[in-house]
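With chain C's structure known, arrange chain V on it following the hints.
Respectively, the protein sequence lines represent chains C and V.
Residue numbering for the first sequence is 1 to 307, as defined by the numbering used here.
Residue numbering for the second sequence is 308 to 615, as defined by the numbering used here.
Just to be clear, a hint being listed does not mean it is correct.
[Claimed, not checked] Computed from the model, here is a short list of chain C residues facing chain V with C-beta under 7 angstroms:
{"no.": "1", "residue": "Trp76"}
{"no.": "2", "residue": "Met120"}
{"no.": "3", "residue": "Met149"}
{"no.": "4", "residue": "Val153"}
{"no.": "5", "residue": "Leu165"}
{"no.": "6", "residue": "Ile168"}
{"no.": "7", "residue": "Gly170"}
{"no.": "8", "residue": "Ala177"}
{"no.": "9", "residue": "Leu180"}
Please keep in mind that the hints were generated in silico from the structure rather than gathered at the bench.
Glycine included, every Cβ here is placed at the ideal spot set by N, Cα and C.
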Amino acid sequence: MKTTETPAPSPAEPGATVTRTDPASGRAPRRKGDGAVLNVFSHGMLVLWAFMVGMPLLWAVLTSFKDDNSIFSSPWSLPDTLHFENWSRAWTDANMSGYFLNTVVVVGGSLIGTLVLGSMAAYVLARFDFPGNRFIYYLFIAGMSFPIMLALVPLFYVVNNMGLLNTIHGLILVYIAYSLPFTVFFLTAFFRSLPTSVAEAAFVDGASHARTFFQIMLPMAKPGLISVGIFNFLGQWNQYMLPTVLNTDPDKRVLTQGLVQLAASQGYKGDWSGLFAGLVMAMLPVLAAYIIFQRQVVQGLTAGALK
Amino acid sequence: MQHGKYRFIVGFLTIPLGLYAIFVIWPFIQSIYYSFTDWTGLSPDFKMVGFDNYTRMLHDDIFWKSLQHSLLFALLVPLVTIGLALFFSFMINVGGRRRKGGPAISGVRGSSFYKIVYFFPQVLSIAIVALLFAFAYNPDTGAINSLLRGIGLDSVQPLFLGDPNLALWCVMAVLVWSTVGFFVVLFSAGMASIPADLYEAALLDGAGRATTFFRITLPLLWDTVQSGWVYMGILALGAESFAVVQIMTTGPGGPDYSTTVLVLYVYQKAFRDGQAAYATTIGVALLVVTLLFAAIVMKLGRRERLEY
Numbered sequence: 001m002k003t004t005e006t007p008a009p010s011p012a013e014p015g016a017t018v019t020r021t022d023p024a025s026g027r028a029p030r031r032k033g034d035g036a037v038l039n040v041f042s043h044g045m046l047v048l049w050a051f052m053v054g055m056p057l058l059w060a061v062l063t064s065f066k067d068d069n070s071i072f073s074s075p076w077s078l079p080d081t082l083h084f085e086n087w088s089r090a091w092t093d094a095n096m097s098g099y100f101l102n103t104v105v106v107v108g109g110s111l112i113g114t115l116v117l118g119s120m121a122a123y124v125l126a127r128f129d130f131p132g133n134r135f136i137y138y139l140f141i142a143g144m145s146f147p148i149m150l151a152l153v154p155l156f157y158v159v160n161n162m163g164l165l166n167t168i169h170g171l172i173l174v175y176i177a178y179s180l181p182f183t184v185f186f187l188t189a190f191f192r193s194l195p196t197s198v199a200e201a202a203f204v205d206g207a208s209h210a211r212t213f214f215q216i217m218l219p220m221a222k223p224g225l226i227s228v229g230i231f232n233f234l235g236q237w238n239q240y241m242l243p244t245v246l247n248t249d250p251d252k253r254v255l256t257q258g259l260v261q262l263a264a265s266q267g268y269k270g271d272w273s274g275l276f277a278g279l280v281m282a283m284l285p286v287l288a289a290y291i292i293f294q295r296q297v298v299q300g301l302t303a304g305a306l307k
Numbered sequence: 308m309q310h311g312k313y314r315f316i317v318g319f320l321t322i323p324l325g326l327y328a329i330f331v332i333w334p335f336i337q338s339i340y341y342s343f344t345d346w347t348g349l350s351p352d353f354k355m356v357g358f359d360n361y362t363r364m365l366h367d368d369i370f371w372k373s374l375q376h377s378l379l380f381a382l383l384v385p386l387v388t389i390g391l392a393l394f395f396s397f398m399i400n401v402g403g404r405r406r407k408g409g410p411a412i413s414g415v416r417g418s419s420f421y422k423i424v425y426f427f428p429q430v431l432s433i434a435i436v437a438l439l440f441a442f443a444y445n446p447d448t449g450a451i452n453s454l455l456r457g458i459g460l461d462s463v464q465p466l467f468l469g470d471p472n473l474a475l476w477c478v479m480a481v482l483v484w485s486t487v488g489f490f491v492v493l494f495s496a497g498m499a500s501i502p503a504d505l506y507e508a509a510l511l512d513g514a515g516r517a518t519t520f521f522r523i524t525l526p527l528l529w530d531t532v533q534s535g536w537v538y539m540g541i542l543a544l545g546a547e548s549f550a551v552v553q554i555m556t557t558g559p560g561g562p563d564y565s566t567t568v569l570v571l572y573v574y575q576k577a578f579r580d581g582q583a584a585y586a587t588t589i590g591v592a593l594l595v596v597t598l599l600f601a602a603i604v605m606k607l608g609r610r611e612r613l614e615y
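Here chain C stands alone, though its shape is the one from the complex (with noise of 0.2 angstroms):
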């Protein structure tokens, strides 16, 4: 880097004035020699991670609808025929679709309990002067920080002791409970920010307090409710480690588990096209949404490390 660092040109360039009345013509002819040998090397460098993180998924895609043999002899080529037979496989025998259905209904029942006392929760962390509230508030911050697998390991017999071990709503409950830190801290932020003068008009009205949580406030947090629901339902949807300690039957795995176990069992039944398929429609699901609501899933993935 310290080669390009002291170029210094004069102030006063002639390109510099030419562009000024033409803003259009593109980038300023600024020290040409030096100036075009690293813009092409960064456009390069910008180029090739572009192609290094669309390969892979385009090799998925390719694959998943090829026949066994052409996989193994040829990984780059394009499929002969689309063999769609490959998904309907998956999707039937590989018992995709139960690995799907876990998971809507695992990440649809955490979302909302996650939301709804995430919310909850913060209204009142960021509304309400009590003592404790610090302590409280700061008792959910630390969960963000804690490696989650050392409580696993207690979590494991707590949860079997419970019976909610490799059951839905156990799995539920603790998905709600390891995002609580997270939406908690998110939330308290946002609710501080929110206006005071409407809750107190609603109080004054005669609302009680939970009223007008639910009727006045709730509404008014919704941007911030969106972002940290993506966020959330991302995590969740994306969850490997905790089903993989706490719900180990095989009929209530979630995609990314039975993803796993599949691939780990197609070394005996060398169903390789079937599990690409598989992979694949894993994948296309949460990249169809991305592409779709872009703006909201960026805004809402880093809207806790910007805080």
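Below, chain V without anything else, positioned relative to chain C:
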């Protein structure tokens, strides 16, 4: 606002706090307690053994290997990821230089396309990404080696995950691959909030791209970089490295323990070997490493907050 206030507070906090306490806080406290026992996890009987587990850990070669790999994950993965992401996002947002009339600074052409594509891996489950790469790395039939063969590099056919010297790097590369896009988008948002007149002033003073980057962009973006580093480090120590190592490497954790990480070792001791107490001991070590890591990054990275 006093009427029924406490009833309301209790009513709203009980369920979330209860769930959180039962499923998160209580297990954490228990696990620290268990690390001083000889609990197997298989039977309910156990007795206190003091620091025995900790002494055993200090003499456990696999523990030290895992610790080494975990530290490498926590330092190297964020370093490479954030470095690449800073470069890309600078190019995307500031790299193209148009002048007055339009915005004073702007990104290269196709910048929104890059942002969309780079972000793809972030929405995918790390488990699915790991599976995908486990196949792509396959020495005979995988995408990478056949691509190498395709461009005439028949002699370069690494074993990737099968090579003890290479496996760990392959696994780390997958984490970098899947996270760069997130940081590109994150840093882009940060760069967009840097006032354009700062760049204009630098341009007038004849600053090149590198100078602009190191003197303006990076200092003003420092808070985001720092919290991103902590965030990424925690992930690389915990859930993410578990998924990639467990799914991709043989054993898992091999070949020859060359990729095992602390979080995987905790899992294996607890749920494969029936040594729950020892597993929590390693878990406590992981907790200490995580907290130390966060503290060090925050401390080293502290500098005056720049107002703009």
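Going through the numbered hints above, which ones does this structure break? Give me the numbers in ascending order.
5, 6, 7
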